[in-house]
Amino acid sequence: MENNNVIYGINGPVVTVKQADCFEMMEMVHVGHQNLVGEVIAITDDFTTIQVYEETTGLKPGDPVTGTGAPMNVLLGPGIIDNIFDGIERPLKAIEEQSGSFINRGAAVSSLDENKLWNVTIKVKVGDRLEGGQIYATLPETPIIEHRLMVHPELSGVVTKVMPDGEYKLFDTVAVLKDDNGIEHNLTLCQKWPIRTSRPVKERLAPSVPLITGQRVIDTLFPIAKGGTAAIPGGFGTGKTMTQHQLAKWCDADIIIYVGCGERGNEMSQVLEEFSELIDPKSQRPMTDRTVLIANTSNMPVAAREASIYTGITLGEYYRDMGYHVAMMADSTSRWAEALREISGRLEEMPAEEGFPAYLPSRLAEFYERGGRADVLSGGEGSVTLIGAVSPQGSDFSEPVTQNTKRFTRCFWALDKSLAYSRHYPAINWMESYSEYFNDLDPWFKDNLGEDFVKYRSEISALLQEESSLMEIVKLIGSDVLPDDQKLVIETARVIRVGFLQQNAFHADDTFVPLEKQKLMMKTILHLHKRTKEIVANEIPLSKVIKLGLFDKLTKMKYDIPNGKPEIFDDYIKEIDENIDSLLK
Amino acid sequence: MIINYVGVKEINGSLIVMDGVKGVSNEEIVDIRLDNGTTRQGRVVQIEGERIVVQVFEGTKRISLKNTKTVLTGHPMEMPLAPEIIGRVLDGAGRPIDGLGDIFPVKRANINGTPINPVSRVYPKNYINTGISTIDILMTLIRGQKLPIFSGTGMRHNDLAVQIVRQAKISGADSSNFGVVFAAMGVQKDVAEYFRKSFEESGVLSRVVMLLNLSNDPIIERTLTPRCALTIAEYLAFELDMHILVIMTDMTSYAEALREFSSSKGEIPGRKGYPGYLYSDLASLYERAGMIKGHSGSVTQIPILTMPNDDITHPIPDLTGYITEGQIVLDRSLQGQGLYPPVSVLPSLSRLMKDGIGKGYTRGDHQSLANQLFASYAKVIDARSLASVIGEEELSPVDKKYIEFGRLFESRFVNQGFNENRSIEQSLDLGWELLSTLPRGELDRVDDAILDKYYKG
Chain A
1 MENNNVIYGI
11 NGPVVTVKQA
21 DCFEMMEMVH
31 VGHQNLVGEV
41 IAITDDFTTI
51 QVYEETTGLK
61 PGDPVTGTGA
71 PMNVLLGPGI
81 IDNIFDGIER
91 PLKAIEEQSG
101 SFINRGAAVS
111 SLDENKLWNV
121 TIKVKVGDRL
131 EGGQIYATLP
141 ETPIIEHRLM
151 VHPELSGVVT
161 KVMPDGEYKL
171 FDTVAVLKDD
181 NGIEHNLTLC
191 QKWPIRTSRP
201 VKERLAPSVP
211 LITGQRVIDT
221 LFPIAKGGTA
231 AIPGGFGTGK
241 TMTQHQLAKW
251 CDADIIIYVG
261 CGERGNEMSQ
271 VLEEFSELID
281 PKSQRPMTDR
291 TVLIANTSNM
301 PVAAREASIY
311 TGITLGEYYR
321 DMGYHVAMMA
331 DSTSRWAEAL
341 REISGRLEEM
351 PAEEGFPAYL
361 PSRLAEFYER
371 GGRADVLSGG
381 EGSVTLIGAV
391 SPQGSDFSEP
401 VTQNTKRFTR
411 CFWALDKSLA
421 YSRHYPAINW
431 MESYSEYFND
441 LDPWFKDNLG
451 EDFVKYRSEI
461 SALLQEESSL
471 MEIVKLIGSD
481 VLPDDQKLVI
491 ETARVIRVGF
501 LQQNAFHADD
511 TFVPLEKQKL
521 MMKTILHLHK
531 RTKEIVANEI
541 PLSKVIKLGL
551 FDKLTKMKYD
561 IPNGKPEIFD
571 DYIKEIDENI
581 DSLLK
Chain B
1 MIINYVGVKE
11 INGSLIVMDG
21 VKGVSNEEIV
31 DIRLDNGTTR
41 QGRVVQIEGE
51 RIVVQVFEGT
61 KRISLKNTKT
71 VLTGHPMEMP
81 LAPEIIGRVL
91 DGAGRPIDGL
101 GDIFPVKRAN
111 INGTPINPVS
121 RVYPKNYINT
131 GISTIDILMT
141 LIRGQKLPIF
151 SGTGMRHNDL
161 AVQIVRQAKI
171 SGADSSNFGV
181 VFAAMGVQKD
191 VAEYFRKSFE
201 ESGVLSRVVM
211 LLNLSNDPII
221 ERTLTPRCAL
231 TIAEYLAFEL
241 DMHILVIMTD
251 MTSYAEALRE
261 FSSSKGEIPG
271 RKGYPGYLYS
281 DLASLYERAG
291 MIKGHSGSVT
301 QIPILTMPND
311 DITHPIPDLT
321 GYITEGQIVL
331 DRSLQGQGLY
341 PPVSVLPSLS
351 RLMKDGIGKG
361 YTRGDHQSLA
371 NQLFASYAKV
381 IDARSLASVI
391 GEEELSPVDK
401 KYIEFGRLFE
411 SRFVNQGFNE
421 NRSIEQSLDL
431 GWELLSTLPR
441 GELDRVDDAI
451 LDKYYKG
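Protein sequence lines, in the order shown, are assigned to chains A and B. Under our numbering, think of the first position of the first sequence as 1, with each following residue one higher. Under our numbering, think of the first position of the second sequence as 1, with each following residue one higher.
Hints listed in this document are in silico derivations from the structure and should not be mistaken for laboratory results. One thing to keep in mind: the hints can contain errors.
Said to hold, decoys possible - Simulated DEER-style distance windows between Cβ atoms:
1. LYS18/A to LYS272/B: 34 to 42 Å
2. GLU436/A to GLN188/B: 51 to 59 Å
3. TYR455/B to GLN98/A: 50 to 58 Å
Even for Gly, the Cβ is constructed at its ideal location relative to N, Cα and C.
Only chain B is shown next, with the shape it has when bound in the complex (with noise of 0.2 Å):
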């Protein structure tokens, strides 16, 4: 028997409060009837005796006390999956809008997941050949792995996925297994239909699902978006076993939809009105990536987010990179420059690529290549604000060298075209190239037999 409950006892933000309802469980999915018809998803998340408290996907705009028809639908919120959602476009919440019509579910699955048994992970180490130098040679990225791009409102963060997942795709050896799961979380139109635009361009978008909350999308529906989109991408990659590269933006947007939740909610806020679960709950979306055991697939994501006023110890970015395996930091002085992309490399890191590369995987001085760069750039930095007071005249000449060596690596490593594509056999000869415009006693990361081999000084 289906119980309608009729109208609400209070309204507040995206949450209403109802009274009197039995039977209901915790994070269960209600269907709102409002009496012009029209019907509103709403999600329990709080239980107290016979009151309920429910988050209302689409906001609470023209509910009022009175006009609403409640029905428990008795199950939490679940996906609908199917092979033939490859290609779909699905709204914030998993509906599809691109008219195709209902997708026929071969199984549902609850959008929360459930967590990886951490025995049952494969540690991964393939690497993705993204063709871009700073990303191959300094921050590899690895399959199965989560790494994000910290960026600004204003910089180049989107042309840099478009680009990783263009060149990606080409280099894999089983190309036909890639797909990709493009989640917007409150970004414009434009920028949705970019990577739309983009992806028909080179070739993908008939392996691409997107879901697209844009930014007049309902708030709440935002908080969704991404575990509708990991809940695709887990499917695809566990039970389909496809190679599955998850973009996530903004995930500021996400995360500040979360905490306009939480204070309609009444919460106790956290750093900034933050939740204090905001940890937690981000950990919930980025530790959805990864490779199991007797699966063939993989979820890797690229969350991208803005940081608020370029600072990086704000929550979001912050928490972020306590999750997320390294981070793609970029820099908005770089940009200024006119470099592309504009990768900070100094605070950028990929915490996998250690076992992902050198023999056998990508050349076997890759890591004391990458240590050097990383260090002697370093080095550059403090020639650099040295310079700032006494005068780059007034060097030593050794810091000179440091600096024309910045120059080069800024120029010839880290900018690269937007269609260029790097072997990483380019990239590394090239790392070595610049690196011996030092003096050899310079690079003391690397180890002599390597030195003898490659530095050319």
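Looking at chain A on its own, in the form it has when it is part of the complex (with noise of 0.2 Å):
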């Protein structure tokens, strides 16, 4: 067919087509003699309206708009993990390759590297029938991630050929499957995916294992679920980007996948720096063996961010497919919407709240639905956990994007200003975040660490509930007058909050802590809160107990026992008995 489609209008990243004929909606088009990305977002009789994800410096009027005939889609395959994408999964390294240091328009790179050799095992021979999300054939993708090629979900038939174990290319053929049509189809070592669409599994699974991040004030106070949402809201400043990194590093996900969503190009090249030097202490292999990372900076094309979250969780759903566990973090959230606000702008919709578009609401519900954990069609089990930064507006949390985050996340871990400030990190306020996934997972708590974890947890918040009451007071008159037994709630709430919530990701043990060293910690610190109750109870003095120490020990407690030396915190415990049973003779 001829193209006649051109360019009629321009502004800012929106172009629009005159009387175009045989575009979709959400085709992807390429625009231009660059051949720019863009994808069809408005079709009406007289004109069809595009978004180009690159800058549109130079297009003129009469320039041709090509359409690929499909939406929008990202290539999977093999070669994903390790890499680093922008938002509409174009390899930033082979950018780098073709244009230089600054990244110049159209570039025109292929996803996925084509002529690397994979060592493929075929899992099938010739008479099986498979059916769509089933597995054909593996190959290690990276020493510790082995790579499961499946049939693309919309197809199902009977292997009619397979190609020997051996060393092939992205591209190449290793089986063919005839469908019910018979018509045959060539497997190769990748499939397309439009991003805006959800890949499908078997059945959906509730959240009933936890996300292990090593990091106390999540795992104890807020845990999140395998497949569970979180949205980390915080102003400038309050360590979102460091919360998301320590998530990254540290929590037991298979496959990490962090997006970059009109973050600062200087903390990317952090994030790949640290990466590739960390080593992963389940696997002893570095943490980019694990790792995907989509870089879509502030300065790079708004429409482009606005699609790189999508095109992030369909890399995620395709690594839950293949059976692993996938830990998403969207950093930030709140500059995809202002994204989309943008776009709405240009295409001069009716506002909504602060100019978001009405949409906003369904479409981070669309977002975070994508999450979950689910019996996947390769066989086994997957997840995708979803975790999104937020940053409001003025530090504002009644802004509609946390507010509407609010509603589709079910853990919230509200970032604080004034703990940011005396530099309390993580600065997640215990008063004001939550986590719904309590009922699912004290079962597997119970399970595996006792009884007792989930006890702990419910004194541990509850002295700091207390705590804030009384703080009320103690800003009116002051401390002193406090009576001992609420002298002493506060006194432990404070090594609670010194010693337990905050943790120093810089410290070598305390980076990541195991959930049987937070659980020794907290019973040992209520331990030492029940034995100084029994002193006040017999009104010896506090300040007895308090010269003796044992609470600025307990404090460093977290610096002082290394990880996996459980024996130490007995001697804790003894220390304690001594001086307390001293104390009351």
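Using the hints, build the complex out of the two chains.
If you want it as structure tokens, here you go:
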């Protein structure tokens, strides 16, 4: 067909085509002579509107617009892990080789390396019937990740031909599948999937296994499930990115997808550098062996920023379908929402709250609904955990992005300015944050860590609650006038805050703390509290216990007791008992 | 063949609308000749078939529907670049105004720049010794960082910027490679003159490129000034391998110019009338800081912005804070007490300092000291608010110690002379000296080994 679709108007990243005849909604198109990537976002009788994922400087009316006949999609196959992409899955390293340190437009690079040979093991034989999502071959993608090649979810049929095991390139055919209509399909090492459609699963499962992060305030007070959703809202400087980095480094997911959506460039280079140096404690391999980075920094085109979130989740779902536990960090979803607002403004749509489009909540809901734990089509179990940072305007949590995110996520880790100012990190405010996964996860905690864990947790949060109401009084009249039992609450809460909730990301032991140690730390703190209560009950002044330095000692136990040495906690308990007993005599 | 388009269809604010224009490209620069012989420049901002919207940099004063002839130049806004640009004074759109003639370009570059590929960036780690205790110890400036000063009208942000330029110059080992690009946007003539004189006095003037868009200069030109400045900075840093410090003042005027332009274009406003793309627009400026693999130069940005009504949640400081790698916040009450620099320590922050300080960079105890100073000073604020209710006499002995610590911290650590250049060791030792006035048990951010070495209480 002759292409007579040409540009009519240009307004920022939005381009219109007059009287176009063949475009579909959400179709991916190439715009101009440089083949800039774009997507059809509105069609009327007269005009087709396209958002362009690259700078539109230099485009002219009359430049050609060609359709691709398919929606915006990503290429899924080996080579995704340990790679860094922009918002529409173009590998930034390959772009660097092509155009140098600055990103030029219209970079025509393949998403995945087409020439690399992969060592493929075929898992099916001629005559096997395969349904969508079933595995037909595997290959080692990195030393720790086995890539499982699955039949496209919309395809099924009988295997008519297989190639021998061996080395193949991305687009080599390794098997042929004949569907029920007798049409033969070549199975290669890759497939395509539209980014705005979620990949199907067999059955959704309840979120009953926690995602262990090694961060005490999260694992203990506000745990998240594998396949769960969490929001981290916080003004600038409260440590959203730090918290995301900590989670990406230490959480026990198999694969991490880190989406820097409107992030700082220097921060992305930090992630790149740190992750290649860090060794994963489980596999003893560099973190990059399980990490995919999507970097669409704040000065890269806004439309690609909007797409980056969907690209990330689609890659996540692909690995989930292989039977992996994936954690996706999106930093920050507010930038994504702003990209929506910016494009909506260019389309002159009627704005709702604060200029955001009225469909903001439904877009957020669609995104977070793609998280979850499920029985996957390939047989096993997989999950995608979504952790989205939110950057509220003016640090005001009542703004639309935060409020709507709150509705669709089940963990809310509110970052607090005053905690951050006093350099209490992670600055997760324990009064404002919540997790709705307690009921789902408590059986797991009880089975794996004993009944105590849950009990300690509720005691700890009760003490923090009590402290917070006491602080209201202290703020007015000072702490000196409080009776000793209330002073004790304040003293213990201080140990909890400084010694337990606050965690030092730069300390070799403290940066990741196993659940067992978290439990023992709680136990020791609560033991001291209980024993000191006896002192107070016997009308011995609290100051005598404080003078012993036990509270100070517990504040520093996070540094003094290395991970994996639970026996030292017994010494601490013994020391507490001896000291208190001698006071009681 | 050059086509002259005669007349315009519509004039609205700084925008003109023209009809029947063929072969125009987006963001193209047009020359507009008035019939009185003067020429203005404009930029195509919107195209709809043959109808185009052009933004006129010098404003539309005296333009009528009939008196213009417009020529398409065929290229986007470009900046002529040459090594000789150092030491020159340019107007807000990058044209020389120092009477020394045109710049003979070695190359021309699009002022919008192109994003640095994240994988090509070098993670910045070399600290810049500014000789100012608060900045060096608590919010260390790193080469390749963007660290804005959040100030308010009437505060001494200009002095602070001048002091940074003067003292940062001396400390660098390769000071011959050092240069400053100074972009003034909507500032008064005296302020620009103050900077020029200060640069001259400290002997850096020959290494400064000044771009001046003063407060009475056209607003639309102001939206170009930082872009021209950063294009020059990138050229000097990444092609001539220099270390460039870019000072942009005042970002608030820039954002207001953008708002004015946006509203005259009839765009849907976001917060406080600023366009919805203010974040992306600011990011396209601030993100042009950094270092690149294979080049030894760097672009470090110190944008200065005056917070309207000292409100840090106003969209301009708010969005800036989300893009930049920290901020230095100035405080009016500290200034009122006669302290200089009036740095409000608690909300100030440098995101890149954690990897650029400590052993091998500054000193092993730096991070611990900084954490402890922040934590202890936060307690001072608590103690003060308690004292304001119950009176200082009624405070517990520990709280009284904090009040005293706070007083010393502000008068000796924060406060420092405009010409006083403290070495990093001096500042670190001063920090420990002040912390030593507190009981050792209160220092809960530092481990014992470091306390044993530095705590002298």
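Structure-based check of all given hints:
| no. | hint | result |
| --- | --- | --- |
| 1 | LYS18/A to LYS272/B: 34 to 42 Å | 36 Å, holds |
| 2 | GLU436/A to GLN188/B: 51 to 59 Å | 55 Å, holds |
| 3 | TYR455/B to GLN98/A: 50 to 58 Å | 56 Å, holds |
Checked against the numbered hints above, the structure violates none of them.
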